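Assemble the whole structure, with the sequences as input and the hints as a guide.
Under our numbering, the first residue of the sequence shown carries the number 449, and numbering increases by one thereafter.
Be aware that a few hints might be false.
Claimed, not checked - Capping the alpha-carbon separation at 27 Å, the derived lysine-lysine pairs in DSSO-like fashion look like this: (1) LYS766 to LYS639; (2) LYS605 to LYS730; (3) LYS766 to LYS730; (4) LYS605 to LYS766; (5) LYS605 to LYS770; (6) LYS639 to LYS605; (7) LYS770 to LYS730; (8) LYS605 to LYS630.
To be verified - Ranges between beta-carbon positions, derived for each pair: (9) THR646 to ASP614: 12 to 22 Å; (10) MET568 to GLU676: 47 to 57 Å; (11) ALA600 to LYS639: 27 to 37 Å.
Simulated from the structure, these hints should not be mistaken for lab results.
The structure displayed is predicted, hence computed values, not measured ones.
Here a beta-carbon is modelled for each residue, glycine too, at the ideal position from N, C-alpha and C.
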Amino acid sequence: SKGDPILPFEAMALRHRHHKDDGGGSRDPVEVVDDDHKGMSRDDDEGDQLLGHHSSSGGVATTNSDRTPSGGDSAEATTLSAYVGNMGDLLRNMDMQDVYRYWSQLRDWLADVPRVAQAMGYTLPASLTDMIGMRGPTMTDEQLAVLEEWVAENTGKPYTHEEHWDMLLRLWEVSFPGHEDKPQEHDPLWKRLGFQGTDPATDFRAAGVLSVKCLLHFAQSYPDRYQEMMTRTHGKSAEESYPFACAGINVAFLLVSYTSRSNDPDTEAARASIARLLERSKESFYDLFVVCMLALDQEWVRQNGTYMRFPMIMQAIKDRSKACLKGNATSVD
Numbered sequence: 449s450k451g452d453p454i455l456p457f458e459a460m461a462l463r464h465r466h467h468k469d470d471g472g473g474s475r476d477p478v479e480v481v482d483d484d485h486k487g488m489s490r491d492d493d494e495g496d497q498l499l500g501h502h503s504s505s506g507g508v509a510t511t512n513s514d515r516t517p518s519g520g521d522s523a524e525a526t527t528l529s530a531y532v533g534n535m536g537d538l539l540r541n542m543d544m545q546d547v548y549r550y551w552s553q554l555r556d557w558l559a560d561v562p563r564v565a566q567a568m569g570y571t572l573p574a575s576l577t578d579m580i581g582m583r584g585p586t587m588t589d590e591q592l593a594v595l596e597e598w599v600a601e602n603t604g605k606p607y608t609h610e611e612h613w614d615m616l617l618r619l620w621e622v623s624f625p626g627h628e629d630k631p632q633e634h635d636p637l638w639k640r641l642g643f644q645g646t647d648p649a650t651d652f653r654a655a656g657v658l659s660v661k662c663l664l665h666f667a668q669s670y671p672d673r674y675q676e677m678m679t680r681t682h683g684k685s686a687e688e689s690y691p692f693a694c695a696g697i698n699v700a701f702l703l704v705s706y707t708s709r710s711n712d713p714d715t716e717a718a719r720a721s722i723a724r725l726l727e728r729s730k731e732s733f734y735d736l737f738v739v740c741m742l743a744l745d746q747e748w749v750r751q752n753g754t755y756m757r758f759p760m761i762m763q764a765i766k767d768r769s770k771a772c773l774k775g776n777a778t779s780v781d
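As structure tokens, then:
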């Protein structure tokens, strides 16, 4: 929408959005797909074959079992073996983004089972309804109060050099221990940490000072993983790298978006989980940030990520984080 902030990577993508291919034509590096089929790379025929459905010459749907020769378990075993083989190939080639999306859809389907059973006049055992009868976690009044207090204290706070310069400089020092040169407020050195330009305050406009706190928590609490991930962001070329600080700002912005009231059941479930985590510890949000950053780095390596693929990798992290938070999360461990 018009009032939404432009995230660091969205701004970078806009600058690369219309580049020329070998044929001289303009192309968009970010694939736009149907929400109902997003992430699906297999065609309908392959899906039909997996399910054992084929169209006969007369246009009537048949199944593998319809064509299985009568008399003999070997033919049935061959058909089953082919089915299992196809399923195995599908699972091996499935993107993790698909896995999390399908799992989320399955959870929603299971959550509707008690309602459907009740409408049909059936009564399910209490143990079963307890297990599948909820779309996601709910909040107590106390948890909601904790969440609202945390949001008021930590979000919507803009970064300014006047108020937060010492915190930003501390982030630089723990990122480059022993480095003699220290950047000024406007300095090309900031690009080494993964900012877009010479003034970090410009990038921090998306998530405010909270993103500085999140990155500093990561660096101080998990220094080995922090250094490993930050080093990996500097690839052999700009195309093979992703600016570390900008990635952190995007993740912080994503998690903050889960704390707002929403009409989307999945987002509301994620919001309730964050409230439960904050009730246990106010540091839970920062640890959740670290988990998402490590997941982003893992996804980058798994996909052999490039600069232009970052929006798709970020979408995968959004799907993964929301799917995990839809459960009754009580710990970030």
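Consistency of the hints with the structure:
1. LYS766 to LYS639: 26 Å, holds
2. LYS605 to LYS730: 17 Å, holds
3. LYS766 to LYS730: OK: LYS766 and LYS730 at ~22 Å, within 27 Å.
4. LYS605 to LYS766: 23 Å, holds
5. LYS605 to LYS770: Holds, because 24 Å separates the two Cα atoms, which is no more than 27 Å.
6. LYS639 to LYS605: 23 Å, holds
7. LYS770 to LYS730: 20 Å, holds
8. LYS605 to LYS630: Satisfied, since the Cα-Cα distance of roughly 25 Å is no more than 27 Å.
9. THR646 to ASP614: 12 to 22 Å: Because 19 Å falls inside the window, the suggested range holds.
10. MET568 to GLU676: 47 to 57 Å: 54 Å, holds
11. ALA600 to LYS639: 27 to 37 Å: 34 Å, holds
Checked against the numbered hints given earlier, this structure breaks none of them.
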